[in-house]
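There are 6 protein chains.
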Amino acid sequence: MPPGPLLKGVQVYRLTVRDRVMIAHSFQGEIFGPAQQLHGATYVVDAEFQREQLDGDGLIVDIGLAHKALSEALSVISFRNLDDMSEFEGDNTTTEYLARWLFDRLAAQVASGGLGPGGKGLTGMCMTLRESDVAWASYEASLA
Amino acid sequence: MPPGPLLKGVQVYRLTVRDRVMIAHSFQGEIFGPAQQLHGATYVVDAEFQREQLDGDGLIVDIGLAHKALSEALSVISFRNLDDMSEFEGDNTTTEYLARWLFDRLAAQVASGGLGPGGKGLTGMCMTLRESDVAWASYEASLA
Amino acid sequence: MPPGPLLKGVQVYRLTVRDRVMIAHSFQGEIFGPAQQLHGATYVVDAEFQREQLDGDGLIVDIGLAHKALSEALSVISFRNLDDMSEFEGDNTTTEYLARWLFDRLAAQVASGGLGPGGKGLTGMCMTLRESDVAWASYEASLA
Amino acid sequence: MPPGPLLKGVQVYRLTVRDRVMIAHSFQGEIFGPAQQLHGATYVVDAEFQREQLDGDGLIVDIGLAHKALSEALSVISFRNLDDMSEFEGDNTTTEYLARWLFDRLAAQVASGGLGPGGKGLTGMCMTLRESDVAWASYEASLA
Amino acid sequence: MPPGPLLKGVQVYRLTVRDRVMIAHSFQGEIFGPAQQLHGATYVVDAEFQREQLDGDGLIVDIGLAHKALSEALSVISFRNLDDMSEFEGDNTTTEYLARWLFDRLAAQVASGGLGPGGKGLTGMCMTLRESDVAWASYEASLA
Amino acid sequence: MPPGPLLKGVQVYRLTVRDRVMIAHSFQGEIFGPAQQLHGATYVVDAEFQREQLDGDGLIVDIGLAHKALSEALSVISFRNLDDMSEFEGDNTTTEYLARWLFDRLAAQVASGGLGPGGKGLTGMCMTLRESDVAWASYEASLA
Numbered sequence: 001m002p003p004g005p006l007l008k009g010v011q012v013y014r015l016t017v018r019d020r021v022m023i024a025h026s027f028q029g030e031i032f033g034p035a036q037q038l039h040g041a042t043y044v045v046d047a048e049f050q051r052e053q054l055d056g057d058g059l060i061v062d063i064g065l066a067h068k069a070l071s072e073a074l075s076v077i078s079f080r081n082l083d084d085m086s087e088f089e090g091d092n093t094t095t096e097y098l099a100r101w102l103f104d105r106l107a108a109q110v111a112s113g114g115l116g117p118g119g120k121g122l123t124g125m126c127m128t129l130r131e132s133d134v135a136w137a138s139y140e141a142s143l144a
Numbered sequence: 001m002p003p004g005p006l007l008k009g010v011q012v013y014r015l016t017v018r019d020r021v022m023i024a025h026s027f028q029g030e031i032f033g034p035a036q037q038l039h040g041a042t043y044v045v046d047a048e049f050q051r052e053q054l055d056g057d058g059l060i061v062d063i064g065l066a067h068k069a070l071s072e073a074l075s076v077i078s079f080r081n082l083d084d085m086s087e088f089e090g091d092n093t094t095t096e097y098l099a100r101w102l103f104d105r106l107a108a109q110v111a112s113g114g115l116g117p118g119g120k121g122l123t124g125m126c127m128t129l130r131e132s133d134v135a136w137a138s139y140e141a142s143l144a
Numbered sequence: 001m002p003p004g005p006l007l008k009g010v011q012v013y014r015l016t017v018r019d020r021v022m023i024a025h026s027f028q029g030e031i032f033g034p035a036q037q038l039h040g041a042t043y044v045v046d047a048e049f050q051r052e053q054l055d056g057d058g059l060i061v062d063i064g065l066a067h068k069a070l071s072e073a074l075s076v077i078s079f080r081n082l083d084d085m086s087e088f089e090g091d092n093t094t095t096e097y098l099a100r101w102l103f104d105r106l107a108a109q110v111a112s113g114g115l116g117p118g119g120k121g122l123t124g125m126c127m128t129l130r131e132s133d134v135a136w137a138s139y140e141a142s143l144a
Numbered sequence: 001m002p003p004g005p006l007l008k009g010v011q012v013y014r015l016t017v018r019d020r021v022m023i024a025h026s027f028q029g030e031i032f033g034p035a036q037q038l039h040g041a042t043y044v045v046d047a048e049f050q051r052e053q054l055d056g057d058g059l060i061v062d063i064g065l066a067h068k069a070l071s072e073a074l075s076v077i078s079f080r081n082l083d084d085m086s087e088f089e090g091d092n093t094t095t096e097y098l099a100r101w102l103f104d105r106l107a108a109q110v111a112s113g114g115l116g117p118g119g120k121g122l123t124g125m126c127m128t129l130r131e132s133d134v135a136w137a138s139y140e141a142s143l144a
Numbered sequence: 001m002p003p004g005p006l007l008k009g010v011q012v013y014r015l016t017v018r019d020r021v022m023i024a025h026s027f028q029g030e031i032f033g034p035a036q037q038l039h040g041a042t043y044v045v046d047a048e049f050q051r052e053q054l055d056g057d058g059l060i061v062d063i064g065l066a067h068k069a070l071s072e073a074l075s076v077i078s079f080r081n082l083d084d085m086s087e088f089e090g091d092n093t094t095t096e097y098l099a100r101w102l103f104d105r106l107a108a109q110v111a112s113g114g115l116g117p118g119g120k121g122l123t124g125m126c127m128t129l130r131e132s133d134v135a136w137a138s139y140e141a142s143l144a
Numbered sequence: 001m002p003p004g005p006l007l008k009g010v011q012v013y014r015l016t017v018r019d020r021v022m023i024a025h026s027f028q029g030e031i032f033g034p035a036q037q038l039h040g041a042t043y044v045v046d047a048e049f050q051r052e053q054l055d056g057d058g059l060i061v062d063i064g065l066a067h068k069a070l071s072e073a074l075s076v077i078s079f080r081n082l083d084d085m086s087e088f089e090g091d092n093t094t095t096e097y098l099a100r101w102l103f104d105r106l107a108a109q110v111a112s113g114g115l116g117p118g119g120k121g122l123t124g125m126c127m128t129l130r131e132s133d134v135a136w137a138s139y140e141a142s143l144a
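Protein chains in written order, with the numbering used here: chain A, 1 to 144; chain B, 1 to 144; chain C, 1 to 144; chain D, 1 to 144; chain E, 1 to 144; chain F, 1 to 144.
If you are wondering where the hints come from, they were derived from the structure by calculation, not from laboratory data.
Each hint should be verified, as a subset may be incorrect.
Claimed, not checked - Here are some chain B residues pointing at chain E (derived, C-beta under 10 angstroms): (1) H25; (2) S26; (3) Q28; (4) A35; (5) Y43; (6) G58; (7) S71; (8) E72; (9) R80; (10) N81; (11) S86; (12) R130; (13) V134; (14) A135.
Cβ atoms here follow ideal geometry from the backbone N, Cα and C, with glycine treated the same way.
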């Protein structure tokens, strides 16, 4: 949504880093059809960090720390069967659900300083998981 | 536009599915130069569906129905010369115009239940048509 | 951010054109690690133009002028060592910084009529520079 | 390998169609590290068909039948745990292994007429499976 | 095809440049189904030039001339209805057919010096036309 | 080149891994035009490994070692001004030249066991460097 039509003078900087993860899982519910069977996915993952102003170094956030934070968050599920993880018990680990899960993990890293001092200036993030070349989902929200 | 700078606590989920369509058409008006001649395009089309909350299955909308709805909307113009279709009479079927046309068709499907019960929770959509590797256009709007 | 959750009835059209540029530069500051050395980048650049309504020809802006404006803006830095340009003296020419620099140049072209009469209707723009397949940055803002 | 340096006057036509499939599996052997755990993958699959001359319609092979043949071959493993399929018992279903498996299935379809009369003129095929944005494997061979 | 298994010591350098073109056309023959109707396509076109050794400047061919040669060849069909061009009378202008047509035009440019002195060292070329994100065709051959 | 038309019964397996590197350099010679100035590039690099038969684990080569070998080779030039490196003195470090340089470094790693025992079975390799979205070059050769 362009800021123009909403509020004059609004601006945003965004930095995105990409990584990837392979997992297995299955879904509960007739709506999922054959995806109720145990299967898996490669997610190509884009983590976007947002700020209204650049910091003194001309950065949104340290790109090395951004890559590291994303990689660490993904390592929790990498090469795992999500059906066996208590963290996801009772939930369908859909692409959109995992986008939110990843957001929350990175938001926690931002809060605890894992993205460095630059993390304090972040105003929002957007996590996108591409499950194939023809389907992807994202979760975007403001940071408190 | 990141929710952060605008309104604290705002969030959005997005699901996108991709399809494609080949059409012929021509444009009226000097601004179009050689594109006033009959030519054509492949549009690689991304249909994005937006919600503020996931439904009980952990979904934005049934991805199978999303693919089906997009495919049906595109079938109306698939392998057609748009210059011969009364639907587009008097209009230039530019990429941005077609993004809007597609939005309206999918919005009608959402309204009539074609995307299932999940469609009721949709708050907005964005349709993007890529006319080549170096040019694309989109139309995004809220759903009533 | 979808307009839906924010303000009902909001809509936006977007047109994007892509180009590319190769430059050399170095960064000042320990946070940059090995990037403090003189190195370079290819930026694949997406310039997005936004409007609330299409013009009388069914366009956001003349796509030929959009490509031309982007190409002209990039020609200023093409095959240059940015460390030697007075324009950037004292600044780190990070990807996000260059996204803003490009925005300002194109905004000036819009203001001076370089995008044709259609440029008057533009409400916002977003400039994205992809520095590799796994990292990119953008600057988006409203137009006065 | 370009025909030039090898044999003068050699030529080849190639047609490629793309599809995708999601599966779960695990690997046996220390070399696989964490991939010994049950995990999964999305494979974006490119099936390439080769001929020395086009047929009377100007085609390598009917593209509709090519898409259909690829889709049918992939349906055998779609949303399955490959560890549970007798077809793969005792084998590691690596990306390169699956490229060969897919080749053999499509070669059988070519032999049985599933690609139509145009299939008779095919001289070779190449199957490529992309397991992520940074890794892929293929199997290419001549057709008897 | 890797040179290894065929002939030890074989090597090849390849340079590829990309451009794009939009056309209208229709096909003759029941096998084409709805594509018998007048429609169109965007072709994203990759022109690959092959040599066994680099020239004295460390080049396969002048990349500026390569882009120019490709652009000129495509300008012949750009924004045209191919059904109206005597050049294609009686032929189905399929993607694979156009790959060959483009090869022949570029081969003629190579022969007439349009790619500069570096063109003399070329041993082969490959032309690829992508008609969508899920289908493409190519023609590769040696140069006399 | 498909093996079919050349030699019946020929086959090849290929595994490709992708990485990226940013460098600065300049070229000598009028043919390079503005690229005679100091500038830079991001190369997105694909390293392809070829075998005629899979090994006992169902692999072409250990993909972890393949990624590591590519990363190590690229680290030599990463964030460097190639004009200052004695290794390249007197040479134009064009994209095609660097593809060959990278091939030789990886071939040395294969010879010294850096790709593990699987490296012994490799029959050829192909290195591709993408300098932008519209231009790339490669070097392919057999392994002794």
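* **N81(B) as an interface hint toward chain E, with CB separation required under 10 angstroms** => Where the cut-off is 10 angstroms and the nearest Cβ of chain E is about 5 angstroms from N81(B), the hint holds.
* Asked: Can the hint on S71(B) be confirmed by a CB-to-CB distance to chain E that is less than 10 angstroms?
  -> 13 angstroms, violated
* Can S26(B) be said to touch chain E, with a Cβ gap under 10 angstroms? -> 8 angstroms, holds
* **Supplied contact hint for A135(B), tested at 10 angstroms Cβ to chain E** => Check passed: Cβ of A135(B) comes within 9 angstroms of chain E, closer than 10 angstroms.
* Asked: For the hint on V134(B), does the least C-beta distance to chain E fall short of 10 angstroms?
  -> 7 angstroms, holds
* Hold the hint about A35(B) up to the distance rule: shortest CB distance to chain E must be less than 10 angstroms. => 6 angstroms, holds
* To do: Answer holds if the nearest beta-carbon of chain E is closer than 10 angstroms to that of Q28(B); otherwise answer violated.
  => 14 angstroms, violated
* To do: Grab the minimum C-beta distance from G58(B) to chain E and call the hint holds if it beats 10 angstroms, violated otherwise.
  => Result: violated, 28 angstroms to nearest chain E Cβ.
* Does Y43(B) meet its interface restraint, that is, does its C-beta lie within less than 10 angstroms of any C-beta in chain E? -> With a closest approach of 8 angstroms, the Y43(B) hint holds.
* To do: Report holds or violated for the interface hint on S86(B), using the least CB-CB distance to chain E and a cut-off of 10 angstroms.
  => Because about 16 angstroms separates S86(B) from the closest Cβ in chain E, which is outside the 10 angstroms limit, the hint is violated.
* H25(B) as chain E interface residue, shortest Cβ-Cβ below 10 angstroms -> This hint holds: H25(B) lies near chain E, its Cβ roughly 7 angstroms from the closest one there, short of 10 angstroms.
* To do: Would you check whether R80(B) satisfies its interface hint, that is, whether its CB is within less than 10 angstroms of any CB in chain E?
  => Hint on R80(B): holds, closest Cβ of chain E at ~6 angstroms, below 10 angstroms.
Of the numbered hints listed earlier, those contradicted by the structure are 3, 6, 7, 8 and 11.
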